[in-house]
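K.L.:
Single-letter residue listing:
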Amino acid sequence: MQLLYGNDGVNYRVIDKSAEMTDGVQKTLLGSYSRYDFVTDPKVYSSVAQEPEAITYVSTNLDNQLKSDQVVVCKMGHMRNFSSPSYYFHGLVKEVPADYYKKDFFELFGYQFIPDVEANSAHYSGGTVDGYQFPVQPVNQKALTDEQLIVILASFLSNDKKGQKTKILCDASGDDYNRRSREILASIYHYLPYELRKRYGFKSYSQDEKNLPARVAFVVFPKEEVHDVTGFVTLQESRGDIAHSVEREYLDYAAYLVEKLDDSQRTEHFETMSKLASNGYLRIKDCVDYYNNLKNWSNGTQEALLPDWIQYIDQNSFRKGPLYEMLLKIIVAKVDNAYYNDYLFDQTLRLYQENVYNLSPQAAKTMRFADCLDEIFIEPARFHEWYQEQLQAKINMLRPEQKESPVYMAGFYEEEIRALEQVDIMSEELKELLQTEVQNLRAKIRSNAANVEEQKDREVEELHRQVSKIGRVEDLVSMVEILRRNIQFAENKEVLTANVEEWLAEHIPDRITSESELRIWKEQVEKLGGNISAEMQENILRELAREEQLQIQARESRKCVIRPGEVLRSYRNLVEYLAKGVLQPEDKVIAEIGKRAPSEYKASTMLKMLSFILYPEDESQGSVSIAWKRVFLEEKLMTAEHAEYLLKDPEAEEEFVKRVVHFFLKEDSVRISGIYLARLIQRYHPELNAMFRKLYEKGEDEEYFFSDELKTLSASAPKRSNWAYETESEPQEDHSKQGKKGSLGGLFGRKW
Amino acid sequence: MSDNGGSNAKKMEFHRVHCPRCGRTMLANELAFDFGEIINVALEKAKNRKFGHNEEWYDLTNLNLCLYLDLRDLMTSYGLSQAPNGTYQGMFTFTTKDLGDQLLRLADSANPNMSIAILGSSNNLIEYEKLTRFMSKSSDVDVMELAERIQELAIRIQKNPNAVIASFHVTVNLQKDDRGNYFANRLLIKFDDGQLQNVTRFICKGEKGAPCGKVLYGHAGQFKEIIIGLAGTARVGKTAYLASLLASILRQGNGIQKLGHDQNVITNIAYVDEAYDRFKKDLLDPYANCTKITKTQYIFDKVGDTEAISLFSLTFAINNRKKYIFTFIDMPGEVYDDGAEGANVVINNRQIISDASMIWLCIAPAQIAGGAVVAGGDQVNTDLGNAFANLEKTMQAINRSRQIPTAVLITCSDLIEDKYELFDSTFNPFASQENPIRTMDSKNKKTPWVSEAGALFYTNMEWFIRNAFSYLKTNPGLPASIENIFGGFTPFAVASYGKQIDNPLAVKAGFDIPTPSMIEGPFLWTLGILGLIPVCKEELVTRTRRVRKGLFGHRDETYQETEIVNVEGRERRRLFYYSGQED
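Residue numbers (this note's numbering), protein chains in the order written: chain E, 1 to 752; chain P, 1 to 583.
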């Protein structure tokens, strides 16, 4: 069917088309193949008619608009009739027999299309274009040198792999362009195998390097329109010029096609290539592989070629095809299993320290090789050995206690199974081998399980032994923690708890008197949380708290402060603790007397001293030593009331009496009447009277001490034991008479 | 100018960007970059240096990965993060898993369990329809072969889980638009061989299940876009008018005056890229050489980067101040001649056309006066009844929710009788010292339209509009027919070449210079009514004054005075429509 499209003077329109041409075919034809670039410089051509025609050839199903691939040949050209540059399109879509590409194909290079001046409704309408017969003008098919052909073909083979078009710069210009571009293309196709002639189309003229239809492989450009020839075949290159950009195998194959084969050999080669095609689809790679590999491989050895074969099989096993089968036969005949396994294990897996969990692409390919060849398999024993090396290396990394723990090892093996099951390099054979290893690991886990019960019992015993070995409470927590960490069977944790509780019940003493001991116990029991029942922990801690309370009391009770303002409290506490039994009379207490350093005394002694300070008339009177009394004086603990009791002490000697008198009269302590003191001296130490009188004769106290009243009184002093009381009331009675000479009430100014 | 796509309402919003291929409207921060292409470069480099491990993936370069990623994708899926200098940076690592994910995304399967394993199992799956469509790099591809390649890819992904295909460092530089918003504007790629590459091409991502990949204008997102659609049947000179206007703005070619050069009313700062080069080669160069511009091709399907409608964007600074992107949509005349097909084309491009700020409807004198067909030359569709029916159909296909201001351009004004005084190729509409805006008294048809300060003096231009309208009325039903389709309009008469160049027999060698006439009119009017330049006009005001009468008396006397007033707001909208009423 044919399509004629162009400017009708107003619009671009379909001028005529074959009746059977669907809108879809028309749309795809125009959409993909109607692009025409007007020349930049028309002066290069003698007339519009001589401007380049863009002839496009492809075999296509036109984006599935046709049921099968058909030959599409079309021409775009500049229309002479209109001053606005406009183009027209004349296209032929035809079904061809399978052998069309062998010979008849070349007629399309000579097709003469409808001239632009006839591309109008005056010439074609109502489908008459369908009857247009293409006149054929013979085209020279050998218009390129061998070198030019080799460069073009090798570039084409290489470009195809890169998904690039082969762009050829026409070596003729101006009016010669159209003839030469046809010639060049015809010459190239002459050297293409039949299937490639079908698969790769051409466009004889374009300016656009980028937006070309997918099926167009060869594009000829006029040199006037190309400013940068990078990537173009200029027809000036030699094969050496392109050696850096085109792979050797393509150059070799191109040279083979052009130089080494004569016409009949080439035909024969093309026939062979046809046999390699599957579904009429011949891959360039197959042609090149056939040429390069077949001979090499037939004469090669596995030692030299196994890596190549592995690569080839990996890339082609997915598609297979006749060449693959052909080459596979060669490989199978040459590879023996032992060598393959040596190569796999020694030269691949071990050499590159591959690991089964993360195989490199190269290792994966080498393994998959065995999948593709029935005769080749990975030897299970060697695989097992290789795998065990890796597993053992992993186990060696474990700590000794982990290795000995069946429970840990069970988890380890489970993890290993998961890792193996995740290995997927799309190799069935590897999958099976790994499955076997997985079975082995599962068996290990099972045999482990039998040991577990025995191990569990052993652990119970061991726990008991270890706990009972704990000697000191200080070690309890740390030891229990170690034991707990190392418990392998979760259920044995309860056993440990029971053991610890038992230990506590045995070891905790009825009474803890030492504070440090109590602290240790408390600390340990608190840290034990989780290793004993909460109830037990609470009970023990409660008991310890009670004990601690007692200790605090005891500590306080042993402290006795004797300082002005604190004597009464100390006395009360001491009496209370003695009554409660917290203290025994013989227990030592620590006394802090005044500013002196604390020192220890018997509780009974301390009680006597306190009661003397508080209440000198007490029975304890007399049992407080002169030494203590000195201390009390020193610390200014004595009151006026004490004066008599200090002086009447039968053991009081002159020195002490002097000290007492000095205390009351000279020191800034308690104010006391000199008369009163004189009376007491008179009464208890009359022999010292004269001495005192003499002592105080001169000085500031003189007047006071030796008053007339004193003289009188001293002469008639009654000798009564409780004189003090009487004298106490007496001065009060004649208080008015004495005036300011003395006030006993003021003497007791100190408060206890 | 309240009616401009509504984008003025939200000042801080990113500028909208239209994709002319898929019709999507996106914001500037959704502009993507083609990472498939960058990966190809990385693979190419790796191959050149014979890095064996990448060899395996080299044939990816034959496929279109459609990996269009915007900044958000780069941050969420490829771990880029903001650096202290404000750019976004990170290593972009493309693994087999990413490739697999991309294949699944392109397959856009309805099957929720679709996986690479399933894609690898057979290429007879329905998913391959989309995969081959999107991943093909050109038209009419051998689908079976492509599907086989993709299937092989899926198998290879499975064989090499987590292999790194390409890895390079990406720095995303941000650009501030004229509203102060920052958006990703440029990538700096550092390949593992230490070489740097700048990537400045914005790509439209398309939608889920329909990747687009259209390269967008380089200034997209930076400035407000003003879309001007050209309407009119074939051969009326739409493309030629655009060429003459833009050649004049760009001061392209020898002897062509730059439009308002001294006043800097319009300064070209167009983004020069491949599209610009093509525009220059196809449009400006032929025009400047006074040869006919190639008839705009009506391409049925996309081939590479060519669209069903021809469209180009240029950036101009107006009055040396604000910059705008002007996008001209030049639909081939066939769209308007062929009702059904035309409407289809328009529907595909509805979004961008319906966002147009302005329509320029071109009409040839032959269509108004009834044409004398030039022998052998290009012909205009003079069956105006049929043409307008198609125009109407086409315009209806645009779901217009608002009226688009329309200028009617009577082309080829050199063919109009002299009595209308519409052709004057020596007229300079820009005022200057040598060419001042004259006073009322001395005003004539040579009086400039644009003041030295760059304001449009509408009163002067109106004289010309009035004449154009009277010419339009020579076909009595025409103004009403146009109004029926487009609403109110303002007519202009332009001549792009200003001479007959239709003669196919003319000697090729004789290069000539175009002598355009009044081509600035529609564009200046457009700038004026869109509020891009100030507009003022003269208004006759009546005043009273007291004059002495006789020796002792006074008398009040009314007089009229012309004043120049600024036209703003609603008043400016009235200029959309020239009523044709004589004052």
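Do not rely on the hints blindly, as some may be mistaken.
[Claimed, not checked] In silico DMTMM-like pairs for lysine to aspartate or glutamate, Cα to Cα no more than 20 angstroms straight-line:
{"no.": "1", "chain 1": "P", "residue 1": "Lys-281", "chain 2": "E", "residue 2": "Asp-160"}
{"no.": "2", "chain 1": "P", "residue 1": "Lys-47", "chain 2": "E", "residue 2": "Glu-224"}
{"no.": "3", "chain 1": "E", "residue 1": "Lys-320", "chain 2": "P", "residue 2": "Glu-44"}
{"no.": "4", "chain 1": "P", "residue 1": "Lys-280", "chain 2": "E", "residue 2": "Asp-160"}
{"no.": "5", "chain 1": "E", "residue 1": "Lys-43", "chain 2": "P", "residue 2": "Asp-285"}
{"no.": "6", "chain 1": "E", "residue 1": "Lys-162", "chain 2": "P", "residue 2": "Glu-56"}
{"no.": "7", "chain 1": "E", "residue 1": "Lys-162", "chain 2": "P", "residue 2": "Asp-142"}
{"no.": "8", "chain 1": "E", "residue 1": "Lys-210", "chain 2": "P", "residue 2": "Glu-56"}
Calculated directly from the structure, the hints in this document are not laboratory data.
Because the structure is a prediction, the values reported are computed rather than measured.
K.L.:
Next step is simple, just say for each hint if it's right about the structure.
P.N.:
Checked hints:
Restraint check for Lys-281 of chain P and Asp-160 of chain E: not satisfied, since their Cα atoms lie roughly 31 angstroms apart, outside the 20 angstroms limit. In summary, the hint linking Lys-47 of chain P to Glu-224 of chain E is not supported, as the alpha carbons are separated by about 33 angstroms, beyond the 20 angstroms threshold. With a C-alpha separation of about 28 angstroms, the suggested pairing of Lys-320 of chain E with Glu-44 of chain P is violated against the 20 angstroms cut-off. About 33 angstroms separates the Cα atoms of Lys-280 of chain P and Asp-160 of chain E, which puts this hinted pair outside 20 angstroms; it is violated.
For the hint pairing Lys-43 of chain E with Asp-285 of chain P, the CA-to-CA distance comes to about 16 angstroms; that is within 20 angstroms, so the pair holds. Between the alpha carbons of Lys-162 of chain E and Glu-56 of chain P the distance comes to roughly 13 angstroms, so the proposed pair stays at or under 20 angstroms and holds. As the CA atoms of Lys-162 of chain E and Asp-142 of chain P are separated by approximately 16 angstroms, the hinted pair is consistent with the 20 angstroms bound. Under the criterion of a C-alpha separation no larger than 20 angstroms, the hint pairing Lys-210 of chain E with Glu-56 of chain P is inconsistent with the structure, at around 25 angstroms.
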